[in-house]
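Asker: First to last, the protein sequences are chains A and D. Just add 684 to wherever you are in the first sequence, counting from 1, and you've got my numbering. Just add 712 to wherever you are in the second sequence, counting from 1, and you've got my numbering.
Keep in mind that the hints were calculated from the coordinates and are not lab data. Careful, some of the hints might be misleading.
Stated by the list, open to error - Capping the alpha-carbon separation at 25 angstroms, the derived lysine to any residue pairs in SDA-like fashion look like this: (1) A:LYS1346 <-> D:THR833; (2) A:LYS1346 <-> D:ASP860; (3) A:LYS967 <-> D:GLU741.
Unchecked claim - Just the calculated beta-carbon pair ranges, DEER-fashion: (4) D:ASN732 <-> A:SER752: 24 to 30 angstroms; (5) A:GLY1277 <-> D:ASP794: 26 to 32 angstroms; (6) D:SER731 <-> A:PRO832: 56 to 62 angstroms; (7) D:ASN732 <-> A:ALA756: 39 to 45 angstroms; (8) A:PRO770 <-> D:LEU842: 46 to 52 angstroms; (9) A:ARG1398 <-> D:SER731: 29 to 35 angstroms.
The model shown is predicted, which means the values in this text are computed figures rather than measured ones. Beta carbons: idealized from backbone N, C-alpha and C, even for Gly.
Here is what each chain is made of, one letter per residue.
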Amino acid sequence: MTHATAAASQRIGGTIGRSVRRIDAHDKVTGAATYADDLLAARGPGLYYGRLVRSPHAHALIRSIDASKALAVRGVKAVVTGEDTPTRIGLYLKDRHIFALDRARLVGDPVAGVIATSEEIAEEAARLVEVEYEELPAVFDPAEAIRPDAPLIHPELGEYEVVNFIFPKPGTNISEHFKLRRGDVEAAWPQCEIIVEGTFRLPPIQHVPIEPHVAISLWEQSGQVTLWTCSQSPFAQRDLIAQSMGIPHGNLRVISPYVGGGFGGKAGVSMEACAVAMARAVKGHPVKLRMTREEEFICTNARQSLEAHTKIGCDSQGNLLAMETRYIFGGGASNEYGVNIARAAGYSCTGPYLIPNVKGDSYCVYTNTPVGSAMRGFGMPEIHWGIEQIIDQLAEKIGMDSAEFRRRNCVKTGETILTGMEMPAINLEACIDKVTEAIQWDRREPPSAPHKRRGKGIAIMWKAPAMPPNAGSSAVVRLNEDGTVNVEIGAQELGQGAFTVLAQVAAEALGVPYEWVRISAPVDTRYSPYEWQTVASRITWSVGNAVMAAAGDARHKILAVVAEHWDEDPADLDIKDGLVMSFKSEREQPLEGLVVYGLPNENFEGWKGGPIIGTGNFMPTYVTNLDFETGQGTRAVVHYTVGAQAVDLEVDTETGQLEILKIASAYDVGKALNPDLIMTQIEGGAVHGLSSAFEALKFDEKGRPLNNNLVDYRIATVADIPREIHGDIVETPLEDGPWGARGVGEHVMVQTAPAIANAIYDALGIRFSDLPLSAEKIFLALQ
Amino acid sequence: MHTITVTINGAAEYLAVRSNMTLLQMLREELGLTGTKNGCEAGECGACTVLLDGEPVNACMVLAVESDGHQVITVEGLAEGDELAPLQESFIELNAVQCGFCTPGMLTSAHALLQRHPKPTEDEIEEAVLGNLCRCTGYVRIVDAIRDAAGSSASASGKGGAR
Ligand code: FES
Ligand code: FES
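This is chain D alone, in the form it adopts within the complex:
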């Protein structure tokens, strides 16, 4: 067991964790933050994406002890109280959500992108969610929603002209 201190969604948490516990297990099983999803536990689907010091990581591939002393942001930490983040609003508005299982990972990946590039290009959007699998939406609305949240207008090569 290791005692660690992690700042999760802005609040400090003191935890005793097993050395083989993943960050994903810590979030879901120790802290009850079940918004972060488990789709493969092998770093292949992106459903468990969280931000570690602002960088998107697959929480299933990070050990809980590695988060000691760091900042973690999960989907639960995107809204400001009852106020949804623009990304969340855009995902709702543009129907970028179907079953919703990929959504937390998509949102955290997109959030990291917009922190880095407030006006991302189409390629940057694509790259940001390349590791996030979605079986429902065909990604069209997800790309639309990220673009919408960034407030940038569609570029000429714009994918997803579905409507």
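Chain A with its partners taken away, still in its complex shape:
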């Protein structure tokens, strides 16, 4: 069923727009919810465990691997090395081996995997694997890695398989260069009254889900392969691992129970492929591979570092005229995802502003650091950090209120944005109005003590789902004897509330109470319908459309049976609260029974109907490629979600400590399908954004991690949260969203750090261009 038909059946009744209870909450408060590590939790004969042997060097050639001592340990079953996985793997760019083949590219790169009857034995044996390395010069800083004389991390870059919208530069560390050219910046600079220029740096940070990565794999003699793991991308994992290891897609089954926090860190493939490769070495035995918290920090994916050089100018009226920017993302040892982050940062490089003349260059470069990958915001928190501080400075220099400056220059519905695309309907000005009102923007308030300074800051944002142009979703809606409904999807519940919202969509589109709907979980690629990935804040929109189509299909089939039975026109019938009713004849028929057994003809002379199953899919068909030289094209992305945040804070000048008094957020979500779930995203995002401003993965000069534990890498605790978090929802419907809805899961933390930086400037008159912030840094700047 096409999306257009589903859209025609959009009705608003009981469930949409209501803050119904989370469908997963009961399981989660009772301890019944199953996560990957809970599977095969009991030790038992036949269950094996894996540990990875990891490179101690940031960059080294692997000369030889001798596993004989490890193999001699009692209980060790096999050792797997790069020679067992010679084919490359990667999402957009196949630039990685499952186990390092001839070269290790970061401290922690897996070079071998030991399989044993217990985790302890595997751990002990892993220490006995002898690897001979030849150390190579390493490079950690993106600005150094991009230089022509930098140590080359991927000399074979030219041979790698890559999608047609990513452009690596063989012979350099550049895995992607996205160019945006619009108007004529050189001609525009002389017309600018004020120009502000700056360099902004962000360190790599970690997602820190509370659940570490776990993967269990079983390779059966028949060639059937199963991978149980905590995954945002069961289907993408199936695709990438199947391709790399030569497994038919139909033979590889990826099952993912609840995910204990993802934030992008469980998207794509990281350690999961190691588990599959290890399982192949001990066919018939499941192999369980769990990351320790230390490994989680450096051996799974991280958010990349960024060095941004940005210059923006405006005229004397405060109209933005020109921008020139160079983003260099430190993508880490492999850039399979990072390349698309640099691309997204390139085509959105202006932030949410209309600037007629733009020259943008966005690079992803290899560095000998943890693999850069998707993290909540996908490049947007990184670029907004600099943009939003420069915007503040321009407003100040031109003598305009910075909120007003943003209202004037922010992108508006129908405008032609930097890529040449027409901006779909949004209302960013309304978001700015909401947060300035909530924070009492115009009121200067005194600090609570003489040694404290108080300040307010604002920042705005945009973000589009960054994905291949044709990322698709599908859904199946199955009705049961009693009228309850099972909805099958390949989308994942990471905590964001996807299962709840998709159940609401199914209930509403079908015409049954929300309480009748169940989501068929866990996601299992053998039975669940296809889903690209649970990323990019695209689930409510994309899967929502697919579920709507599937429920619409089921509804259509039910109405056809009943209409025939009553000899009426299906157009006169509807389903409400699980009852089929006719507007015309006012007859009623419960779904119960009918949806499985059909309806009997008069005098039981035969039957009509049968078990009802609805199917539906959704795939955007309208995204176009962008010109390689200019980044111009008709439709760069599906849509943007926009929003604003304002921060009210105090700085203790004796300690440099920040106290966040209030964060006010407002986002244009199109339509709030479940308003309170959006509020919980807004709250969680504000704290995540605040926390991220103080986070950094730290390494010594050899690239060895210095803070890969939760004591030295602190994330926000309950003691760190703002005194108040305020949220507002703006609803400008999205043309192709279910009831107008668009995603907001990532956006809620994109601009928090620059909003804080702007508030600190307001309080102290000091700007911080590099993250992380710390009380010490603020204190020293005050001296």
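For this one, chain A is given, so just place chain D with the ligands on it according to the hints.
Answerer: Chain D with the ligands alone, transformed into the frame defined by chain A:
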């Protein structure tokens, strides 16, 4: 191997455990009580919080043998049969649950608090869950839910006025 007797969620269990086995491993791997989560195995995240004689402890930092002769309560033991505890109801009602991985530890920490202080202050609530990390919720609803379960009204300094 040591033979131990532990009362877990009210029922006596007789177990043979290795001397280096942690209480967390015992619960998850020997007894199949997987509600208690492993987030770090280093005493840093609080996901493994259980109650040992009513006191919240990180089960990853306690040896199984140390529980010999003691009472352990896990998240599975909070409800009375099918009847959820008020804390669990409040966590559901106020959407204090997102990914749910911190939830068992949060609930057990909060349960211990409410046993000790049925009407906790804001500071007491904060202190009770200070060692429980949550990456999803921003803690706002968790604090709200604990306060709600205690039936106490928000104090003036009330954090989390999100709604
Ligand atoms: S698992 Fe015990 S504190 Fe983290
Ligand atoms: S709900 Fe995910 S860590 Fe707390």
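Asker: Look at each hint and say if it fits the structure.
Answerer: Here is how each hint holds up against the structure:
A hinted pair counts as satisfied when its Cα atoms are at most 25 angstroms apart, and LYS1346 of chain A with THR833 of chain D qualifies at roughly 21 angstroms. Only pairs whose Cα atoms come within 25 angstroms are accepted, and LYS1346 of chain A paired with ASP860 of chain D is accepted, the gap being roughly 22 angstroms. Between the alpha carbons of LYS967 of chain A and GLU741 of chain D the distance comes to roughly 23 angstroms, so the proposed pair stays at or under 25 angstroms and holds. Here the CB-CB span from ASN732 of chain D to SER752 of chain A is close to 28 angstroms, well matched to the stated 24 to 30 angstroms.
Distance hint for GLY1277 of chain A and ASP794 of chain D: a CB-CB separation of about 28 angstroms, consistent with the stated range 26 to 32 angstroms. As the Cβ distance of SER731 of chain D to PRO832 of chain A is approximately 59 angstroms, the hint placing it in 56 to 62 angstroms holds. The supplied range of 39 to 45 angstroms is broken by ASN732 of chain D and ALA756 of chain A, whose beta-carbon atoms lie about 23 angstroms from each other. Distance hint check: the CB atoms of PRO770 of chain A and LEU842 of chain D are about 49 angstroms apart, consistent with the given range 46 to 52 angstroms.
Distance hint check for ARG1398 of chain A and SER731 of chain D: the Cβ-Cβ separation is about 33 angstroms, which falls inside the suggested range of 29 to 35 angstroms.
Checked against the numbered hints above, the structure violates only hint 7.
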